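Participant: Just need the whole structure built from these sequences, with the hints factored in.
Protein chains: 2
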Amino acid sequence: MHRHEGHDACQAGVGDMLARAESVCRERGLQFTPLRREVMEAVAEAGKAQGAYDIAETLSAPGKRVAPVSVYRALDFLMQQGLVHRIASRNAFIPCAHGHAPGEGVVFLICRSCGGVDEASSEELEDGLDRTLKRAGFTPAHSILEVEGDCGACRGRQEAG
Amino acid sequence: MHRHEGHDACQAGVGDMLARAESVCRERGLQFTPLRREVMEAVAEAGKAQGAYDIAETLSAPGKRVAPVSVYRALDFLMQQGLVHRIASRNAFIPCAHGHAPGEGVVFLICRSCGGVDEASSEELEDGLDRTLKRAGFTPAHSILEVEGDCGACRGRQEAG
DNA sequence: GGCGGGTTTGTTACAGTGTATCACCGCAGC
DNA sequence: GCTGCGGTGATACACTGTAACAAACCCGCC
Ligand SMILES: [Zn+2]
Ligand SMILES: [Zn+2]
Ligand SMILES: [Zn+2]
Ligand SMILES: [Zn+2]
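Protein sequence lines correspond, in order, to chains F and G.
Be aware that the first sequence starts at 1, since it is given in the numbering used here, and climbs by one per residue.
Be aware that the second sequence starts at 1, since it is given in the numbering used here, and climbs by one per residue.
One or more of the hints may lead you astray.
[To be verified] Reference listing, derived: stretches of chain F covered by chain G, where coverage requires no fewer than 3 residues with Cβ under 8 Å from a Cβ of chain G: (1) 112-123; (2) 131-142; (3) 145-155.
For the record, the hints were derived by calculation from the structure and aren't laboratory data.
These numbers were taken from a predicted model, which means no experiment stands behind them.
Glycine included, C-beta positions come from ideal geometry on N, C-alpha and C.
Facilitator: Structure follows, in structure tokens:
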């Protein structure tokens, strides 16, 4: 199985993610079509956040063009099912390796150096956010938490180099 | 002085923000040109996050066209000085009403209903985030924290209506 | 005043991201 | 067969952002 370099917190392999996607769709009575599978696979294999146009190019081959619009539709579907996430600060998409509940506060850790994106969730962080919002009299519906920086692997490599 | 409706946590008025912008530029030996002032004013007066093209249209008049690229340059300048913020999830810009330090963790509270955007900062939230990142072995450089939901004013209005 | 160099702005063109629309296909259900 | 519906293909388009170059502007200096 392919496993990308660069950041090591990617617990689930590509096969695991595809299997989970398939079972999620089956459970919910939804179609895991070839196109959706290919898009999921492309996102899962990349090892870093992929733009929709990147995915379209990856899936295209001489004689078989996949238009970006098709990729967007597949991505919309996969996002609704919680199988991929959109990284707003990059206009790009990553596979969800965790299968957390929707609405659960998750922080995306985006490495400047290797481009890898990990997810971190934390009770503590979520509590802090909830209290901050409550103090402001704000009722949250959806959060976007993204941090750009250097992942442990890349930091180690820099210090060693 | 104009004060928009919708959310009430906008402490600073348009005049205050313009005055601060002017003094910030003077202190730093930078030019607060007419264009930059107009863009700052447009962002400050809007009451909700404005797209660059919206601002360009606002500033344009028959016979005097302001191109989006000029607006982008002014916005880049104002962002560098911490006078406006970019809302990544909206591709839009708001004035900074607080004058906080750069790099300080600030959450943007985006109201679905009125479109207003407030800033909230919290020691507690920042500590939670720091600890979460530390646990993940991640060194942060820049954070994007945006929450979409309903502001207090709009929630009150909904319950009343 | 005239000159030189940095900054700001205007203008055009272009790249990147995302959506609307309509037609076509495949398949389940009648 | 026919119909309805979800998925896909294809084109066009809107929105967001940047590159490149020229013109204008400012300011210190001769
Ligand atoms: Zn996830
Ligand atoms: Zn890294
Ligand atoms: Zn601010
Ligand atoms: Zn509101």
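Participant: If a hint holds in the structure, say so; if it does not, say that too.
Facilitator: Results for each hint:
1. Only residues whose beta carbon comes within less than 8 Å of a beta carbon in chain G count, and the segment 112-123 of chain F has 4; three or more means the coverage holds.
2. Judged by the Cβ-Cβ criterion of 8 Å, the segment 131-142 of chain F is covered by chain G as claimed, because 11 of its residues qualify and three suffice.
3. With 9 residues having a beta carbon nearer than 8 Å to a beta carbon of chain G, the segment 145-155 of chain F meets the requirement of three or more and the stated coverage holds.
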